[in-house]
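**Student:** Please construct the entire structure, taking both the sequences and the accompanying hints into account.
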Amino acid sequence: MGSDAKRIWTPAVALTLLAGLALLSVALFMTVGVKGNWGFILPFRGLKIATMALVGYAIAVSTVLFHTITGNRILTPSIMGFDALFVLIQTSIAFFFGATFLTGLTPSLLFLVQTAAMTVFAGLLFSWLFRGGVRELHLMLLSGIIFGLLFRSLSSFFRRVIDPDEFLILQDTLFASFNRANPELLSVAAILVLLVSLAAWRLRNVFDVMALGRETAINLGVNHRRMVTVTLAMVTVLVSVSTALVGPVTFFGLLVANLAYMLVPSHRHILVLPGAAFLAVTCLVGGQLFLERVLSYGSALSIVIEFAGGIVFIMMIVMRGAR
Amino acid sequence: MIEVSNVTKSYGGSEVVRGVTSSLPANGVTSIIGPNGAGKSTFLSMISRLLPMSSGQVTVDGMDILTADGDAMAKKLSILRQDNHLTARLTVRDLVAFGRYPHSKGRPTSEDLAHVERSISYLGLDNLTHRFLDELSGGQRQRAFIAMVLCQDTKYVLLDEPLNNLDMKHAVAMMQLFRRAADELSKSVVLVLHDINFASCYSDLIIAMRDGKLVRQGAPAEIVTTANIQEVFDLEARVEIVEGRSIVHFYL
Chain A
42 MGSDAKRIWT PAVALTLLAG LALLSVALFM TVGVKGNWGF ILPFRGLKIA
92 TMALVGYAIA VSTVLFHTIT GNRILTPSIM GFDALFVLIQ TSIAFFFGAT
142 FLTGLTPSLL FLVQTAAMTV FAGLLFSWLF RGGVRELHLM LLSGIIFGLL
192 FRSLSSFFRR VIDPDEFLIL QDTLFASFNR ANPELLSVAA ILVLLVSLAA
242 WRLRNVFDVM ALGRETAINL GVNHRRMVTV TLAMVTVLVS VSTALVGPVT
292 FFGLLVANLA YMLVPSHRHI LVLPGAAFLA VTCLVGGQLF LERVLSYGSA
342 LSIVIEFAGG IVFIMMIVMR GAR
Chain B
141 MIEVSNVTKS YGGSEVVRGV TSSLPANGVT SIIGPNGAGK STFLSMISRL
191 LPMSSGQVTV DGMDILTADG DAMAKKLSIL RQDNHLTARL TVRDLVAFGR
241 YPHSKGRPTS EDLAHVERSI SYLGLDNLTH RFLDELSGGQ RQRAFIAMVL
291 CQDTKYVLLD EPLNNLDMKH AVAMMQLFRR AADELSKSVV LVLHDINFAS
341 CYSDLIIAMR DGKLVRQGAP AEIVTTANIQ EVFDLEARVE IVEGRSIVHF
391 YL
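Line by line, the protein sequences are chains A and B.
Here the first sequence is numbered in this note's numbering, starting from 42 and rising by one per residue.
Here the second sequence is numbered in this note's numbering, starting from 141 and rising by one per residue.
Since the hints were made in silico from the structure, they are not lab data.
For every residue, glycine included, the Cβ atom is placed at its ideal position computed from N, Cα and C.
Derived DEER-like restraints, expressed as beta-carbon distance ranges:
no.	chain 1	residue 1	chain 2	residue 2	range
1	B	S194	A	M356	42 to 48 Å
2	A	N223	B	D223	47 to 53 Å
3	A	T160	B	Q197	32 to 38 Å
4	B	G358	A	L239	55 to 61 Å
5	B	T366	A	N264	43 to 49 Å
6	B	A212	A	I82	58 to 64 Å
7	B	T249	A	S133	54 to 60 Å
8	B	K245	A	M356	35 to 41 Å
9	A	V353	B	A359	55 to 61 Å
10	B	E257	A	L239	33 to 39 Å
11	B	S194	A	L239	37 to 43 Å
12	A	I82	B	L276	52 to 58 Å
13	A	A60	B	T161	55 to 61 Å
14	A	G139	B	D223	54 to 60 Å
Covered stretches of chain A, as calculated for chain B (at least 3 residues, CB under 8 Å):
no.	segment
15	105 to 114
16	243 to 254
Far from chain A, some chain B residues (derived; all Cβ distances over 10 Å):
no.	residue
17	T148
18	P175
19	G196
20	T207
21	T249
22	R258
23	A313
24	C341
25	E362
26	T366
27	A377
28	V379
29	R385
30	S386
**Tutor:** Written out as structure tokens, the structure is:
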């Protein structure tokens with residue numbers, strides 16, 4: 042990119058364009074192919090869009106913040122085993138209480154239980170590991186991988202010994218779908234996301250310093266240890282929101298976060314975070330639109346996203362190895 | 141004054157720094173010398189609160205570094221380590237401006253910006269302000285990081301091998317800059333140096349370490365002697381006085 046191109050492609054221009062794209066995909070999603078009763082279709086589609094926007098926002102913000110505190114751009118919260126824990130919680134409920142109980146529990150109650158469980162898990166894992174020396178974050182990541190594996194194995198064990206009928210119900214709740222939106226659950230999730238966002242807004246400048254790495258952050262007077270804990274708690278809540286609403290989506294965060302780093306020419310979180318969120322909304326809403334209108338529900342969006350994100354993940358690892 | 145009392149760092153069973161007690165003056169240039177693995181960097185990291193110590197105590201102007209407010213400490217003491225890897229893509233000015241964070245909290249005033257410009261021009265980075273750090277040479281990047289630390293405008297400036305990657309001209313300019321900061325702004329600059337002749341020519345105080353222990357502390361003229369070089373570095377070298385400075389000749 043030449044210096045002229047740099048001057049034209051400012052963060053403001055990038056954000057305006059990304060916001061425009063997000064708005065465009067939302068507008069198209071709301072209006073394309075509307076036949077008959079608008080009064081029915083608009084709220085129906087609105088609910089879907091609200092779910093997608095909330096999930097996209099939660100995944101984008103959680104991934105960028107996670108990258109900031111870990112000082113890398115490849116790992117995502119799912120590597121810490123959060124989505125695996127979500128699946129394990131649901132599977133064990135189905136296993137121990139029966140799937141009818143799982144479908145019987147109010148969604149928002151189930152969601153709050155899961156969020157609490159996940160926050161407790163992160164807190165425990167973290168304080169347990171934090172007593173160590175300098176490399177606590179790396180140790181934590183490694184432990185996250187191992188915990189993830191443990192949770193996945195436990196879930197698959199439960200699923201193997203579970204009643205086949207109950208397994209079907211369970212499977213239905215596990216796979217991401219934006220057509221299962223639930224207004225009550227959505228509003229509880231939205232409140233949580235709003236609270237986290239307010240906290241993130243207050244910490245926006247501290248995040249910029251955290252991105253410089255542990256030592257520079259400490260030098261500049263940031264309580265690094267406390268900030269890592271606080272940020273991790275925020276990430277936990279956001280990941281809980283997205284997984285509870287649509288199930289585990291591993292590589293989507295990686296995809297939008299890295300696109301945002303590429304497209305928004307700034308190191309400041311106040312610019313990168315909205316950029317990543319706009320990209321997430323565009324990808325989810327635009328992708329769902331494409332899927333519904335062009336492929337006529339030929340596939341689940343999560344599969345397409347995981348496919349693209351997985352390729353990006355592998356490419357990033359290969360390129361890093363080549364360097 | 142930085143008071144260091146009986147500071148020890150051990151990993152598992154092995155002690156990297158063993159019971160170092162010293163006091164670093166409130167102004168002047170102090171150089172820490174010693175062979176590889178003597179514990180110099182570990183020592184510097186501990187007194188700048190980057191690395192927890194296994195035992196001992198460090199106070200900076202009476203403030204215990206473990207209990208003092210991180211923010212207050214960041215206005216008093218700054219530290220630059222050897223390897224500074226960044227994941228974020230920053231320009232030179234972005235990086236230097238971060239040095240004002242303890243004062244500005246991310247909202248720089250015009251005074252903060254003036255500090256940034258001054259640091260940039262002190263380190264001769266005026267032509268590079270808009271360049272990204274990953275586009276710079278090792279020496280230019282090193283100077284950008286030093287500009288950030290100077291911009292923090294702290295009484296104590298701790299630098300771990302600041303001459304890394306610098307050519308002769310820039311290394312001399314850097315040492316002169318530290319000298320000026322000590323003389324004109326009465327700062328205390330603490331350096332880990334590998335070039336003993338730079339230490340000899342520019343320091344007020346030299347601390348020599350070996351095997352995790354402080355073995356010598358004193359003015360350059362007392363420390364830079366054939367006998368001390370032999371003891372600290374295990375190297376036979378000739379020491380000659382050139383223009384009133386002890387110069388170690390060890391190349392042949």
